[in-house]
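Chemist: One letter stands for each residue in the lines below.
Protein chains: 4
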Amino acid sequence: MAQVRNNLYAILEGAHPKWGRLYALFSNTVIVVAVLVYAFSTLPNLTPAQRLTLQLAEVFVITVFAADYFLRLGSAPKPLKYAFSFWGIIDLIAFLPALILAGTDLTSARLLRLIQLARILKLTRLASAFDNMLAAVREIREQLLIFLILTLIVLFLSAVGIYQFEHKAQPDVFVSVPHALWWSVATLSTVGYGDIYPITAGGKIFTAVILLIGLAVIAVPTGLISAALVSKTNATNKENHDDEP
Amino acid sequence: MAQVRNNLYAILEGAHPKWGRLYALFSNTVIVVAVLVYAFSTLPNLTPAQRLTLQLAEVFVITVFAADYFLRLGSAPKPLKYAFSFWGIIDLIAFLPALILAGTDLTSARLLRLIQLARILKLTRLASAFDNMLAAVREIREQLLIFLILTLIVLFLSAVGIYQFEHKAQPDVFVSVPHALWWSVATLSTVGYGDIYPITAGGKIFTAVILLIGLAVIAVPTGLISAALVSKTNATNKENHDDEP
Amino acid sequence: MAQVRNNLYAILEGAHPKWGRLYALFSNTVIVVAVLVYAFSTLPNLTPAQRLTLQLAEVFVITVFAADYFLRLGSAPKPLKYAFSFWGIIDLIAFLPALILAGTDLTSARLLRLIQLARILKLTRLASAFDNMLAAVREIREQLLIFLILTLIVLFLSAVGIYQFEHKAQPDVFVSVPHALWWSVATLSTVGYGDIYPITAGGKIFTAVILLIGLAVIAVPTGLISAALVSKTNATNKENHDDEP
Amino acid sequence: MAQVRNNLYAILEGAHPKWGRLYALFSNTVIVVAVLVYAFSTLPNLTPAQRLTLQLAEVFVITVFAADYFLRLGSAPKPLKYAFSFWGIIDLIAFLPALILAGTDLTSARLLRLIQLARILKLTRLASAFDNMLAAVREIREQLLIFLILTLIVLFLSAVGIYQFEHKAQPDVFVSVPHALWWSVATLSTVGYGDIYPITAGGKIFTAVILLIGLAVIAVPTGLISAALVSKTNATNKENHDDEP
Numbered sequence: 041m042a043q044v045r046n047n048l049y050a051i052l053e054g055a056h057p058k059w060g061r062l063y064a065l066f067s068n069t070v071i072v073v074a075v076l077v078y079a080f081s082t083l084p085n086l087t088p089a090q091r092l093t094l095q096l097a098e099v100f101v102i103t104v105f106a107a108d109y110f111l112r113l114g115s116a117p118k119p120l121k122y123a124f125s126f127w128g129i130i131d132l133i134a135f136l137p138a139l140i141l142a143g144t145d146l147t148s149a150r151l152l153r154l155i156q157l158a159r160i161l162k163l164t165r166l167a168s169a170f171d172n173m174l175a176a177v178r179e180i181r182e183q184l185l186i187f188l189i190l191t192l193i194v195l196f197l198s199a200v201g202i203y204q205f206e207h208k209a210q211p212d213v214f215v216s217v218p219h220a221l222w223w224s225v226a227t228l229s230t231v232g233y234g235d236i237y238p239i240t241a242g243g244k245i246f247t248a249v250i251l252l253i254g255l256a257v258i259a260v261p262t263g264l265i266s267a268a269l270v271s272k273t274n275a276t277n278k279e280n281h282d283d284e285p
Numbered sequence: 041m042a043q044v045r046n047n048l049y050a051i052l053e054g055a056h057p058k059w060g061r062l063y064a065l066f067s068n069t070v071i072v073v074a075v076l077v078y079a080f081s082t083l084p085n086l087t088p089a090q091r092l093t094l095q096l097a098e099v100f101v102i103t104v105f106a107a108d109y110f111l112r113l114g115s116a117p118k119p120l121k122y123a124f125s126f127w128g129i130i131d132l133i134a135f136l137p138a139l140i141l142a143g144t145d146l147t148s149a150r151l152l153r154l155i156q157l158a159r160i161l162k163l164t165r166l167a168s169a170f171d172n173m174l175a176a177v178r179e180i181r182e183q184l185l186i187f188l189i190l191t192l193i194v195l196f197l198s199a200v201g202i203y204q205f206e207h208k209a210q211p212d213v214f215v216s217v218p219h220a221l222w223w224s225v226a227t228l229s230t231v232g233y234g235d236i237y238p239i240t241a242g243g244k245i246f247t248a249v250i251l252l253i254g255l256a257v258i259a260v261p262t263g264l265i266s267a268a269l270v271s272k273t274n275a276t277n278k279e280n281h282d283d284e285p
Numbered sequence: 041m042a043q044v045r046n047n048l049y050a051i052l053e054g055a056h057p058k059w060g061r062l063y064a065l066f067s068n069t070v071i072v073v074a075v076l077v078y079a080f081s082t083l084p085n086l087t088p089a090q091r092l093t094l095q096l097a098e099v100f101v102i103t104v105f106a107a108d109y110f111l112r113l114g115s116a117p118k119p120l121k122y123a124f125s126f127w128g129i130i131d132l133i134a135f136l137p138a139l140i141l142a143g144t145d146l147t148s149a150r151l152l153r154l155i156q157l158a159r160i161l162k163l164t165r166l167a168s169a170f171d172n173m174l175a176a177v178r179e180i181r182e183q184l185l186i187f188l189i190l191t192l193i194v195l196f197l198s199a200v201g202i203y204q205f206e207h208k209a210q211p212d213v214f215v216s217v218p219h220a221l222w223w224s225v226a227t228l229s230t231v232g233y234g235d236i237y238p239i240t241a242g243g244k245i246f247t248a249v250i251l252l253i254g255l256a257v258i259a260v261p262t263g264l265i266s267a268a269l270v271s272k273t274n275a276t277n278k279e280n281h282d283d284e285p
Numbered sequence: 041m042a043q044v045r046n047n048l049y050a051i052l053e054g055a056h057p058k059w060g061r062l063y064a065l066f067s068n069t070v071i072v073v074a075v076l077v078y079a080f081s082t083l084p085n086l087t088p089a090q091r092l093t094l095q096l097a098e099v100f101v102i103t104v105f106a107a108d109y110f111l112r113l114g115s116a117p118k119p120l121k122y123a124f125s126f127w128g129i130i131d132l133i134a135f136l137p138a139l140i141l142a143g144t145d146l147t148s149a150r151l152l153r154l155i156q157l158a159r160i161l162k163l164t165r166l167a168s169a170f171d172n173m174l175a176a177v178r179e180i181r182e183q184l185l186i187f188l189i190l191t192l193i194v195l196f197l198s199a200v201g202i203y204q205f206e207h208k209a210q211p212d213v214f215v216s217v218p219h220a221l222w223w224s225v226a227t228l229s230t231v232g233y234g235d236i237y238p239i240t241a242g243g244k245i246f247t248a249v250i251l252l253i254g255l256a257v258i259a260v261p262t263g264l265i266s267a268a269l270v271s272k273t274n275a276t277n278k279e280n281h282d283d284e285p
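Protein chains in written order, with my numbering: chain A, 41 to 285; chain B, 41 to 285; chain C, 41 to 285; chain D, 41 to 285.
There's no promise every hint is true.
To be verified - Facing chain B, from chain A, some residues (calculated, C-beta under 7 Å): (1) T230; (2) G234; (3) S266.
As the list claims (entries may be wrong) - To give a feel for the contact side, a few chain B residues facing chain C, derived at Cβ under 10 Å: (4) T230; (5) V231; (6) G232; (7) Y233; (8) G234; (9) G263; (10) S266.
Said to hold, decoys possible - Using 16 Å as the maximum straight-line C-alpha spacing, the simulated EDC-like pairs for lysine to aspartate or glutamate come out as follows: (11) K244(D) with D235(B); (12) K272(D) with E179(D); (13) K272(D) with E182(C); (14) K244(B) with D235(A).
Hints in this document: simulated from the structure, not taken from any laboratory. Idealized CB from N, CA, C, for every residue including glycine.
So that you can see chain A by itself, here it is in the shape it has in the complex (with noise of 0.2 Å):
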């Protein structure tokens, strides 16, 4: 029985020998389904067939799911310690608020199912990799913590110099200074949808000072993240070595 239990308990974390990578392969299709689903339904003119497909497809999604977390409950070491850490919550959340509102519209109750989607983070469950980049953020947060101001204070003051260039002549565009701060965010993150541009001489003089000074700050902490990484990946790589013979 207990050899029965073990077994389970290892196909459910993916750590059986024979069957834990085909589950953990069927758990993450399903979550993916799950998500698919969720974002289908949020389109217009959905034919009935269509409906029911997708409302079947939610049953299914729910039934692996709940069964899922009774299995890990039932089969875990610790149960208790199960049903309270990040993943067992995490697991919860997956298919309760669903089962709860499983009788009402699939469009009705948004919000409520929007918790769901903490299924996605399931995704990340098997790679033990994600590990090894938070470490190397973490070794860094200092760092990232410094540019995050540098970034706030870039955009800021660059929203209130555009406001001070363009709202004369654009009133209706450069309204205030919140409405600056979008243009900053579209334009040092180099999105530029067009909606919210300057026109005077001396905006656009003062965009194209902004954008040498801004560009830099803010595409810094990409290429310190990468550092971090790989000087973390070769530091375990070498662990790897020195551990051999």
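Based on these hints, arrange chains B, C and D on the given structure of chain A.
Modeler: Relative to the frame of chain A, chains B, C and D by itself:
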């Protein structure tokens, strides 16, 4: 006889000391011509003279590719092995569909003619450095996969978020979550066409937050590939130096 | 008495073991409030109640900044040295103009009030890591200067080139070389608002070539700053490790 | 006499201990003035006074450049070698066309006047660090070439793909593959002007996939250049340190 055959094979492979580089240059030029002929043949309002020129160029290209294929087949040490190798199949595809469609109109049968674009891959044949790059990418494929999954999660959650903020204000633009996904792609890649963007205060603040987090996630793979490529190249250079006495 | 004075100074500088961090948090929060008050005061159509709230918040902010200044002045070991130091002047500017303008309307005298935004720089005071970053930037300032010059040359030559291609086709958009410079900035920063872009075949091909060359030039400084920052941090860490027995 | 000549040459080359830096500053300022005069002379609706100012500035610039050229020619150790060197020809081009066109209208003969912009290259003369950078780029020129080819292949295949998806839905926008290439350039550089973008579901999904793959390919060269530059600089610094006793 065997000498002639070996020389011919060396020329075709670009390995012949005298004619190898010259043939490679000729061959690559023909590929570029073939690709340009395809591109220009899609232009509307071509004059009969222009159409004739394109057709003649196409005939020239097919002839060269067919000759190249049969000469390789004839001079290869193991013809069958070549015929069923990756490059052997690409070489065959590069002229066979065009030969079959030779009698039909240039603008017809577009989809079949698309296969010929596999010719473009022949451009990479001579560059041994491509292997170096592919090896570098392969070494970090696990990390790249994680960032691909992270990117997809970020794209999806961004779409769900912006849909909540903008659906009511712009029901015809942010129609559904799949529509909002197009916004996620255009925004987080920083392309920002301007066909879809938030107009509510909540949607704009959400966009700012998503960009702060999302850009870091999405831009990191580039840093990883660069770093892997650099370390790969350094390793290769070091090996070469170590070989020296 | 001297004990109290020393303790007070330690608290204000964030160095006091018990109250230092708390005061720093309070101080930074007040700065953020001050900045938000400035931003919101530019919003049109504020209700009288909202205006009053902003004015009260402004009074609170000025009071805190003035108290902070005079307490620092009173408790500093060398008051005069503080008064004429960089941060001493910033601290003075952070409340004095607002005090002088206290009687006037909130929305008037905007330009003078802008000076108060120097407050935002106080956010960086506690972060000793900023010095690390500035040192890294200073180390590569020669390279950064070269890339600044290269960037300006690329921007200018792009503007001249696109002007030649597009002036005749769009005389009202690409009016002159200075107008074309705005295109250069928006394009090579990849912002691409969509207010100005080439429509001729020549102009589009020129844009493609310029982007291939220009993006490499413009994006390199980011890589340099990241690399300098990483090597600086590694050096600092190594020194710290070397200090250990 | 020879002493005066040597001193003069040292000043012009920026090598004179006392006047060298000053002359370099003056010379570079004149180049910037020349470039700005060219830019402003393309502005429409200039007043007669503004035109006169620009013409006077142009006369000043030509005089300085001509004097610089003849002084260099007279003081150079080997005048003929200088006259036919790269910089000698640039120096000649910088004033000769303008001298020939001096009598004609400022706005006429634009193309010939463009040659004068070669002056801008003189800005880079004094920076010995440019050589360092060019050497770094030269070291990875093979990799850069590969990425250039890869980029062109990605751009072309993207254009062919989007043409298949969008040609029927937007026959006036995605007219042909060459037109679609403009979309590829604007999208994969992330400029995204908004003049051409997919509207079909298939085209949008294709764009998402292309961006995921393409951005990695296109952004890598920047990382490579940065890395080469950093390693080059480190090597140079190490050599300098090794030279020390």
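Chemist: Now tell me if each hint is right for this structure.
Modeler: Structure-based check of all given hints:
1. For T230(A), the interface hint holds, the least distance from its beta-carbon to any beta-carbon of chain B being 5 Å, beneath 7 Å.
2. Annotation: interface hint on G234(A) holds; nearest CB of chain B at approximately 4 Å, less than 7 Å.
3. At about 3 Å, the closest approach between the beta carbon of S266(A) and any beta carbon in chain B falls short of 7 Å, and the interface hint on this residue holds.
4. Given hint, T230(B) at the interface with chain C, holds; its Cβ is 7 Å from that chain's nearest Cβ, closer than 10 Å.
5. Here the hint on V231(B) is kept, as its CB sits about 8 Å from the closest CB of chain C, short of 10 Å.
6. Interface restraint check for G232(B): the shortest CB-CB distance to chain C comes to about 7 Å, inside 10 Å, so the restraint holds.
7. With a least beta-carbon distance of about 8 Å to chain C, the hint placing Y233(B) at the interface is held under the 10 Å criterion.
8. Here the hint on G234(B) is kept, as its CB sits about 5 Å from the closest CB of chain C, short of 10 Å.
9. The beta carbon of G263(B) comes within 8 Å of a beta carbon in chain C, closer than 10 Å, and the hint placing it at the interface holds.
10. With 10 Å as the threshold, the beta carbon of S266(B) comes within range of chain C, its nearest partner Cβ sitting at about 8 Å, so the hint holds.
11. Straight-line distance between C-alpha atoms of K244(D) and D235(B) comes to about 12 Å, which keeps the hinted pair within the 16 Å bound.
12. The hinted pair formed by K272(D) and E179(D) meets the criterion: a straight-line CA distance of about 9 Å does not exceed 16 Å.
13. At roughly 15 Å between alpha-carbon atoms, K272(D) and E182(C) fall within 16 Å of each other, so this suggested pair holds.
14. Only pairs whose Cα atoms come within 16 Å are accepted, and K244(B) paired with D235(A) is accepted, the gap being roughly 12 Å.
Violated hints for the displayed structure: none, as all numbered hints are satisfied.
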